[in-house]
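Protein chains in written order, with the numbering used here: chain A, 1 to 191; chain B, 1 to 321.
Everything labelled a hint here was simulated from the structure, so no lab data went into it.
Among these hints, one or two may not hold up.
Derived DSBU-like pairs: lysine-lysine, alpha-carbon spacing no greater than 30 Å straight-line [what the hints assert, rightly or not]:
| hint | chain 1 | residue 1 | chain 2 | residue 2 |
| --- | --- | --- | --- | --- |
| 1 | A | K140 | A | K117 |
| 2 | A | K140 | A | K41 |
| 3 | A | K164 | A | K117 |
| 4 | A | K140 | A | K118 |
| 5 | B | K277 | B | K250 |
| 6 | B | K204 | B | K250 |
| 7 | A | K41 | B | K250 |
| 8 | B | K265 | A | K41 |
| 9 | A | K140 | B | K204 |
None of these values were measured; they are calculated from a predicted model.
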Amino acid sequence: MERQEFEQLALEHMDALYRMALKLTRHPDEASELVQETYLKALRHAKTFEEKGKGIRAWLFTILHNTFYSDVRRRKRSATPVDEFYDATSDDRIPDEAPPVWNLASLDWEHVDDRLKKAIDDLSDEHREVLLLWGVEGMKYREIATVMAVPIGTVMSRLHRARKILADSLEDFAAEVGFTPARDPSEVEEA
Amino acid sequence: MADHTPHNPNRPAEQPTRLPDGLSRAARIRALADEEIARDDPRSSEFDGADQAVEFERNLRNAVSRAMAEPTHAPAGLREQILARFEAEHAADDRPISFSEHKHQADRRSSTLFSFLPRLAAVAAVLLLSATVLWIGVQQFSGSPPADGQTLNIQTVSSQLQFVQREHNRCSDIASGNFTSKIVATNIDEARAFAETQLGCGGKRLAEAIARMDEIGYSFVGVGACAVPGGGNSIHALFNPHADRADSIKPVSVFLLESPGEGCKNAQPGICYSCPKAKERGKPAVLWRDENLIVFVHSDSEQSVENARTAYVAPEPVQSL
Chain A
1 MERQEFEQLA
11 LEHMDALYRM
21 ALKLTRHPDE
31 ASELVQETYL
41 KALRHAKTFE
51 EKGKGIRAWL
61 FTILHNTFYS
71 DVRRRKRSAT
81 PVDEFYDATS
91 DDRIPDEAPP
101 VWNLASLDWE
111 HVDDRLKKAI
121 DDLSDEHREV
131 LLLWGVEGMK
141 YREIATVMAV
151 PIGTVMSRLH
161 RARKILADSL
171 EDFAAEVGFT
181 PARDPSEVEE
191 A
Chain B
1 MADHTPHNPN
11 RPAEQPTRLP
21 DGLSRAARIR
31 ALADEEIARD
41 DPRSSEFDGA
51 DQAVEFERNL
61 RNAVSRAMAE
71 PTHAPAGLRE
81 QILARFEAEH
91 AADDRPISFS
101 EHKHQADRRS
111 STLFSFLPRL
121 AAVAAVLLLS
131 ATVLWIGVQQ
141 FSGSPPADGQ
151 TLNIQTVSSQ
161 LQFVQREHNR
171 CSDIASGNFT
181 SKIVATNIDE
191 ARAFAETQLG
201 CGGKRLAEAI
211 ARMDEIGYSF
221 VGVGACAVPG
231 GGNSIHALFN
241 PHADRADSIK
251 PVSVFLLESP
261 GEGCKNAQPG
271 ICYSCPKAKE
281 RGKPAVLWRD
291 ENLIVFVHSD
301 SEQSVENART
311 AYVAPEPVQS
321 L
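Between the sequences and the hints, there should be enough to build the whole structure, so can you do that?
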């Protein structure tokens with residue numbers, strides 16, 4: 001691939017990469033620097049990457065992911081919270097938890113954004129990252145697994161946990177606004 | 001958030017994602033909402049009455065998309081900054097060195113060397129003495145005399161081979177689901193890209209090996225991230241004999257480890273190392289250096305190890321550890 005062609009193709013994803021970088025670093029200057037480092041590494045490896053009709057977007061996200069976790073976070077020398085550590089290392093199995101409150105399907109979804117933003121901001125880096133790749137970038141589990149270099153089971157586990165946390169916050173929101181949920185026909189009646 | 005990468009009509013149709021076994025009903029309903037599995041999935045009866053759940057999950061996804069969509073654009077000037085760094089990178093690659101600059105650098109190296117030589121000789125003597133003392137000490141603790149040409153840390157390599165064997169045993173039983181939950185790529189193109197991003201190299205050779213393995217009777221099951229000790233990132237590729245094979249060949253695993261540490265960092269290029277003790281136990285394994293990678297191959301079948309060596313164009317000769 002010619003240099004200019006590669007640069008043009010890669011820069012199409014700059015906005016999406018910056019959005020991810022900002023969600024991870026939470027600081028505009030650091031996000032800009034992370035994106036620049038990502039593109040520099042992509043350029044250096046451009047000759048080894050042969051575009052086969054899909055993949056440059058996931059490839060760029062993978063580089064950004066690796067750069068953040070290997071360079072940026074290590075530089076910050078931030079200690080990993082204990083529950084986040086166990087979450088990241090022991091989530092190969094999908095947790096066998098009760099499903100979220102699916103009877104909130106008819107909630108007024110137009111007014112939940114602020115509540116969700118707060119809940120999302122409180123999530124760990126890995127959970128925020130998987131939500132962004134899934135919800136905003138529309139990636140499939142396999143693509144997310146490639147970007148984050150984890151098994152598909154781990155992707156599902158992290159998504160499960162993140163969605164559970166968000167659903168719990170929506171349940172609180174529903175109670176506050178006096179929303180009366182409909183009965184979920186999928187629930188099993190206990191004797 | 002469209003991906004504008006060009007469509008390649010020659011790329012094979014995307015295979016459905018193989019989800020881990022043993023998922024709860026809740027997890028399968030979420031996968032259905034995410035269109036990772038289809039309504040006409042064999043176990044679709046479990047989705048009866050789950051419409052509200054699917055609707056909730058899809059509404060949640062849309063709400064997350066709205067909540068996380070900002071910022072929609074990178075800040076002004078970022079594109080120019082990136083292009084400026086591209087230009088600087090290219091300029092550093094392309095800049096020719098003038099003859100006078102080259103001579104200046106060479107003269108500096110020469111004058112520096114000659115003025116430093118006596119001190120350098122003294123330092124070298126101290127280092128040689130220290131290295132000799134260290135070598136004798138290591139041999140005392142290793143319990144075996146050094147063999148001719150032996151440069152690997154046998155104890156570390158042994159632990160790496162044990163890991164490789166255990167992981168192969170754990171994953172080669174496909175029905176267990178252990179490898180399925182590990183798989184990231186299941187075709188040549190994805191495997192190549194995955195190897196390049198995980199290891200920084202090795203993707204091309206892996207892709208070529210996958211093709212050759214298919215020609216000699218092995219299906220590529222997939223490749224995923226692994227945790228081979230004693231180095232940087234590592235990946236694990238698994239191959240199964242074609243279903244119509246009547247002979248006794250068995251599954252074979254190929255592990256690629258980047259930036260090898262103490263165990264294999266002295267592995268010489270152009271030599272394939274085999275482990276006689278592993279072979280005696282019916283668990284043959286070999287390893288060799290491929291640029292910045294160490295390639296480990298293991299199977300319960302000697303023939304499969306040999307086939308993988310051939311497919312990977314492993315070096316000759318074979319030297320025992």
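>> Under the constraints set out in the numbered hints, which ones does this structure not fulfil?
In response: Going through the list in order, the structure violates hint 7 alone and respects the others.
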